[in-house]
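*Asks:* Listed below, chain by chain, are the residues.
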Amino acid sequence: GNSVTQMEGPVTLSEEAFLTINCTYTATGYPSLFWYVQYPGEGLQLLLKATKADDKGSNKGFEATYRKETTSFHLEKGSVQVSDSAVYFCALLTGANNLFFGTGTRLTVIP
Amino acid sequence: EAGVTQFPSHSVIEKGQTVTLRCDPISGHDNLYWYRRVMGKEIKFLLHFVKESKQDESGMPNNRFLAERTGGTYSTLKVQPAELEDSGVYFCASSQELGNSPLHFGNGTRLTVT
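Protein chains in written order, with this note's numbering: chain A, 1 to 111; chain B, 112 to 225.
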């Protein structure tokens, strides 16, 4: 079946710290992989995506590489800001256009 | 372009009552999805409309949930009668095409059943 497992939170970091949020997946076929972000009081927004193995998605300083050999799509950012505080969801998209999400990881960045 | 809008943003009802959630997708988006996040758990797929037709409703938890999309525009999700375990955040999303077309999410409706 299809499923996503992501690092449990909450995660609290100081500003300018390095961020990694782990995500691994199980899927039939060749899914596309996504990171979504939910800022306080807002809806889910697409942060970045990768559609095939070895692709790297990037946006707003965040990066994630589609690793087929380890079935992973870890989210990284070299220097987090207070404005990055949000809940981050890893997700995969099947051929039937269904999104499977992880449980979400709450990130709090303190000044 | 207006985004996906959901109403209400919050709803608190008693067990056994009925609640109807509404989603207005982005104009022109044929695909409309409902998802639910129960507290602390993953966001789970409920169902998918293509225009007014239910393409996939495999995620609907039971027959207390009824989704409609008359005319292929806005959609409603009715829970009747509501149970405690129905509490959570209900997200709606829309997209223009299948495949790699991005899903645009609404802000969600937080439902609390007491």
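It is worth saying that the hints were derived from the structure and are not from the lab.
Computed from a prediction, not measured in an experiment: that's the story for all the values here.
There could be a bad hint or two in this list.
[Unchecked claim] In silico DMTMM-like pairs for lysine to aspartate or glutamate, Cα to Cα no more than 20 Å straight-line:
| hint | chain 1 | residue 1 | chain 2 | residue 2 |
| --- | --- | --- | --- | --- |
| 1 | B | LYS155 | A | GLU8 |
| 2 | B | LYS165 | B | GLU125 |
| 3 | B | LYS152 | A | ASP55 |
| 4 | B | LYS152 | A | GLU8 |
| 5 | B | LYS155 | A | GLU42 |
| 6 | A | LYS49 | B | GLU208 |
*Asks:* LYS49/A and GLU208/B were given as a pair; does the straight-line alpha-carbon distance stay at or below 20 Å?
*Replies:* 17 Å, holds
*Asks:* Holds or violated: are the alpha carbons of LYS165/B and GLU125/B at most 20 Å from each other?
*Replies:* Violated. LYS165/B to GLU125/B sits at ~29 Å, over the 20 Å cutoff.
*Asks:* Straight-line Cα separation of LYS152/B and GLU8/A no greater than 20 Å?
*Replies:* 10 Å, holds
*Asks:* Going straight from one Cα to the other, do LYS152/B and ASP55/A come out at no more than 20 Å?
*Replies:* Not satisfied, since the Cα-Cα distance of roughly 28 Å exceeds 20 Å.
*Asks:* Mind checking the alpha carbons of LYS155/B and GLU42/A for me, to see if they're no more than 20 Å apart?
*Replies:* Holds: LYS155/B and GLU42/A sit about 18 Å apart, inside 20 Å.
*Asks:* Assess, step by step, whether the Cα of LYS155/B is no farther than 20 Å from the Cα of GLU8/A, and give holds or violated.
*Replies:* 17 Å, holds
Hint check: violations occur at hints 2 and 3; the rest are consistent with the structure.
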